[in-house]
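> Chain by chain, the residues:
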Amino acid sequence: MNYFPDEVLEHIFDFVGSHKDRNSVSQVCKLWYRIESYSRQTVFVGNCYAIGPERVAERFSGLKSITLKGKPHFADFNLVPPDWGGFVYPWIEAFARSRVGLEELRLKRMVVSDESLELLSRSFPNFKSLVLVSCEGFTTDGLAAVAAYCRQLKELDLQENDVEDHRGHWLSCFPESSTSLVSLNFACLKGDINLPALERLVARSPNLKSLRLSRAVPLDVLQRILIRAPQLLDLGVGSYLHDPDSENYNKLVTAIQKCKSVRSLSGFLDVAPHCLSAFHVICPNLTSLNLSYAPGIYDNELIKLIRHCHKLQRLWILDCIGDKGLEVVASTCKDLEELRVFPSDPYVGQAAVTEEGLVAISRGCQKLNSILYFCQQMTNAALITVAKNCPNFVRFRLCILDPTKPDAVTQQPLDEGFGAIVQACKGLKRLSLSGLLTDQVFLYIGMYAEQLEMLSIAFAGDSDKGMQYVLKGCKKLRKLEIRDSPFGNAALLMDVAKYETMRSLWMSSCEVTLGGCKALAKRMPGLNVEIINENDQMEFVGGCDDDRQKVEKMYLYRTLAGQRRDAPEFVWTL
Amino acid sequence: MEGGVAYEQGLNLKATELTLGLPGTGETEGQGGVRNNNKRPMPTSETNEEESQALKAADRGSTAPAAKAQIVGWPPIRSYRKNSLQAKKDNESEASGMYVKVSMDGAPYLRKIDLKVYRGYPELLKALEAMFKFAAGVYSEREGYKGSEYVPTYEDKDGDWMLVGDVPWDMFMSSCKRLRIMKGSEARGLGCGV
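Chains A and B, in that order, are what the protein sequence lines are.
If you count by numbering that gives the first Met the number 0, then the first sequence holds residues 0 to 573, one letter each, in order.
If you count by numbering that gives the first Met the number 0, then the second sequence holds residues 0 to 193, one letter each, in order.
Calculated directly from the structure, the hints in this document are not laboratory data.
Just so you know, not all the hints are guaranteed correct.
Below 25 Å or equal to it, Euclidean Cα-Cα: the simulated DMTMM-like pairs (lysine to aspartate or glutamate) are [as the list claims (entries may be wrong)]:
#, chain 1, residue 1, chain 2, residue 2
1, B, K87, A, E300
2, A, K310, A, D334
3, B, K81, A, D322
4, B, K81, A, E300
5, B, K81, A, D191
6, B, K81, A, E163
7, A, K189, A, E117
8, B, K88, A, E163
9, B, K88, A, D334
10, B, K87, A, D156
The following residues of chain B were derived to be distant from chain A, with all beta-carbon distances above 10 Å [said to hold, decoys possible]:
#, residue
11, G105
12, A106
13, E140
The C-beta atom is built at its ideal place from N, Cα and C for all residues, glycine as well.
Work out the full structure: start from the sequences and follow the hints.
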């Protein structure tokens, strides 16, 4: 390969897409490392503290797109205090200084300030795409800067962010000359929207393919937008409240009929359940349907809608669909690959689906490979049946609302059920457990889950052995997160070198002590071992007292960047 | 589900009630949407260490249903989703009003009023007085309603008949299931100072 000019190698590497493969390519030899590095345009950083932005910019001089993830996954569930970290500003600043030709920024669980959005919009003239998922720290003022100064903006995609809404005027900050929009998703915004500005923006964006509206966009505006943009592939309806006899509704029916290209439907953030029949005409084309934010759609209206969706591949729904509704899904959606059933009333602690719904789905949807299922109860028999029917699971996440509930029929732990899942699903990469579970389930996981990359454990296991089985057996494990389980120092310290092969480990409300964490940090300088010390519960005293102090929250991750300098007071890096 | 028929506590007025109300008015209403546990999780982000430890201890070996203590971060859904569902529930209940039945002893039929329309007890009482053409008397904590044959009462979530006016207005709004304007001798048990 030394005889080929660099350009040829570069061209060959162009065909290597996934970042994992490119990482492998770059390790072959120095030449390949060099060429791969300057030709890589898309970089993925799964933990923003694993490496510093300067180093990334230096290595990947051709960088155009970067994905960054910040806070640990359990931050989504309020287990990480605010101000923990995950700031994007240093990255934007470093890239601006290094004159990176940034075109795309994708962030997950990061703190994004208005300042960073402003800096972003002014620093990169070719910037095209901003995707923010589960982020916080910014207001609509930051969005206004992006709209105003990113002249080539194609994509602004805000998913489930906590945005402080100042005014609806950010939409009018898109200059009249801006006609490049392809994708606009502002469904998570809570405030008023400048509706005329929205309509004008849609009218001058002939390439608009994806549009997800917030609840502030009423039906009559939706109707006018659909008339202007019949080429949409992906539609998120904002508000769907109307009078079925009104002229607006009739106009909407006509408008929807023209939208033959819509493949993905979501939203219905405010909905009166009548007259969803207007959408029945596009249902047969849908491959993706997300009604998980529409508790107003249930019972017959929901079932009628679903019966039209023969081609559905992805369905996100609330549990008010019930087991019976899931049977309808099973008989209608034969191409279903991904299903998520969310609880409609998380505060009350009751879900409207049980193991029966899951079994029905497994019988009808043979192509199912990804599931997130919040349910009232589960049984081993059901899980065993599901495993037999669907051996193709790549992601299997089960959440029983009562986290330590045993098999609803036999009162046994659910070890055998989950054991069947890991044994049958040879390609399983992600698994979340719940229910009454002993060390036995971890024995099965260690034995069978050879491809497992991410494991989430809560209220499970009896002893250190549980965690040890997993650490020993799951060779491809990258992320392990554990809460409220009796795993202590013996498990933590069993194989410290393993943590350098993983992205991160989270343990909260377990049995690990300060002494154990300190020992780990000492032996593995390539890891950041962080303790979250809320409410000043712990003392960094040292000595034998350390072994009496249990650590409430520990988060460790491999890093090339050393101890992070932006850690707040309550985070100790050992 | 239970409104909780706690006849052991409070006055067992239901059994002795003589009313000319329409048939069927003796049944408790509004059961449909009520679940058995309306507890909210603590809004703070403090770790509920004690609770989760207790839960761990409780479930080890025991097959009794785990305590329905609210566990921080459970069920594991994104706060954005949790907040938006809660906001929707609030909006819906705001929009739909809080209608409760009002019966008056001796009246041939009942009425319904929307509690949300009133800002406090004085407004409510005035409205009731106008609706049923009576005077409620003067309320005092010690003596109840003095100077009238009629006493406004309400049935709370536990099924007990309470005197209107004792608890803060918001607490009353959330616990009141129906109203009853009691008359005469029956009313005496509730501290009517006639």
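> Decide, hint by hint, whether the structure agrees.
Quick rundown of the hints versus the structure:
no., hint, result
1, B:K87 <-> A:E300, "19 Å, holds"
2, A:K310 <-> A:D334, "6 Å, holds"
3, B:K81 <-> A:D322, "22 Å, holds"
4, B:K81 <-> A:E300, "24 Å, holds"
5, B:K81 <-> A:D191, "21 Å, holds"
6, B:K81 <-> A:E163, "17 Å, holds"
7, A:K189 <-> A:E117, "21 Å, holds"
8, B:K88 <-> A:E163, "21 Å, holds"
9, B:K88 <-> A:D334, "34 Å, violated"
10, B:K87 <-> A:D156, "23 Å, holds"
11, G105, "40 Å, holds"
12, A106, "35 Å, holds"
13, E140, "34 Å, holds"
Violated hint for the displayed structure: number 9, the only one.
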